[in-house]
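A.B. asks: Sequence:
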Amino acid sequence: SDEGVEFSSHIDGTKHFVSPERSIEIQHMLGSDITMIFDECIEFPATFDRTKNAMERSVSWAKRSKEAFKQRDGYGIFAINQGGTFKDLRKQSADQLIDIGFDGYAIGGLAVGEGQKIMFEVLDYTPDFLPEDKPRYLMGVGKPSDIVGAVARGVDMFDCVIPTRSGRTAQAFTRNGTLNIRNAKFHDNKTPLDDECGCYACKNHTKAYLHHLTKANEILAAMLTTEHNIFYYQDLMKDIRLAIEENRFTEFAEDFMEKYPNKSEDVQDVGKNS
Numbered sequence: 002s003d004e005g006v007e008f009s010s011h012i013d014g015t016k017h018f019v020s021p022e023r024s025i026e027i028q029h030m031l032g033s034d035i036t037m038i039f040d041e042c043i044e045f046p047a048t049f050d051r052t053k054n055a056m057e058r059s060v061s062w063a064k065r066s067k068e069a070f071k072q073r074d075g076y077g078i079f080a081i082n083q084g085g086t087f088k089d090l091r092k093q094s095a096d097q098l099i100d101i102g103f104d105g106y107a108i109g110g111l112a113v114g115e116g117q118k119i120m121f122e123v124l125d126y127t128p129d130f131l132p133e134d135k136p137r138y139l140m141g142v143g144k145p146s147d148i149v150g151a152v153a154r155g156v157d158m159f160d161c162v163i164p165t166r167s168g169r170t171a172q173a174f175t176r177n178g179t180l181n182i183r184n185a186k187f188h189d190n191k192t193p194l195d196d197e198c199g200c201y202a203c204k205n206h207t208k209a210y211l212h213h214l215t216k217a218n219e220i221l222a223a224m225l226t227t228e229h230n231i232f233y234y235q236d237l238m239k240d241i242r243l244a245i246e247e248n249r250f251t252e253f254a255e256d257f258m259e260k261y262p263n264k265s266e267d268v269q270d271v272g273k274n275s
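Positions in the sequence shown are counted from 1; adding 1 to them yields our numbering.
Calculated from the structure, these hints are not laboratory results.
Ideal placement from N, C-alpha and C gives every residue a C-beta, glycine not left out.
Please note: incorrect hints may appear among the correct ones.
Stated by the list, open to error - Computed Cβ-Cβ distance ranges for the label pairs, DEER-style:
1) Gly199 to Asp13: 42 to 50 Å
2) Glu255 to Thr179: 40 to 48 Å
3) Glu247 to Asn181: 31 to 39 Å
4) Asp240 to Asp189: 41 to 49 Å
5) Asp74 to Lys191: 16 to 24 Å
6) Asp256 to Arg183: 44 to 52 Å
With the sequences and hints as input, model every part of the structure.
C.D. replies: Following this line, the structure appears as structure tokens:
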């Protein structure tokens, strides 16, 4: 409802109600450096009317979230832009959130099943609606090519479970694409996951050893692959920042997309803001 969200606990079925004010209070108690407003993230696809209603509710909740936020040094609150795949709704949401005033602006409602092509179409215009002097944060994204393509379109920040979730399911991200370490072809492979990676797993273990751990259901397999994935993502972000600082991001992005496999699932161009 407009007041908040009631849900049932997945543990014992008890009912709980979270309002924008309660959401902000919980984040305050957790000590969140960046508090996010309470918003309604709807499914894809959704009709224009449903998307508009959710966007307007999110703006209303943004006002209440901002009022409930306790300003203090070293902490901030970000808005969340909504509007689905409708450009006019994204613009309307951005304008109203900017009028309220926040420390940063997130782009929500993407990575919910629309696919990379549609996501990039939305990112071709949405970041331009948000202030250039405040962080622009894409929520819940993504795979390496998602990140490079989004940076090319003006996004600054990301969060995603993919590096850790993939690590727990034996998928490793490397400079040569993704690997499913469960595959039998790695049984006798004596090379590291990534020859250029400096993580503990790559410096000390082979694909064959990780394959063995995975097949034996050893928790160490998930730990090592997860650590590698996080290390890879940190390296990727470091490379992106350096390319931007050296004014060569367009070349970096083009080279990345040329080398990274699975092109059918990846970005087809590096974006208009690169």
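A.B. asks: Please go over all the hints and tell whether each is borne out by the structure.
C.D. replies: Going down the list of hints, with the structure as the test:
no.	hint	in the structure
1	Gly199 to Asp13: 42 to 50 Å	holds (45 Å)
2	Glu255 to Thr179: 40 to 48 Å	violated (20 Å)
3	Glu247 to Asn181: 31 to 39 Å	holds (34 Å)
4	Asp240 to Asp189: 41 to 49 Å	violated (32 Å)
5	Asp74 to Lys191: 16 to 24 Å	violated (53 Å)
6	Asp256 to Arg183: 44 to 52 Å	violated (30 Å)
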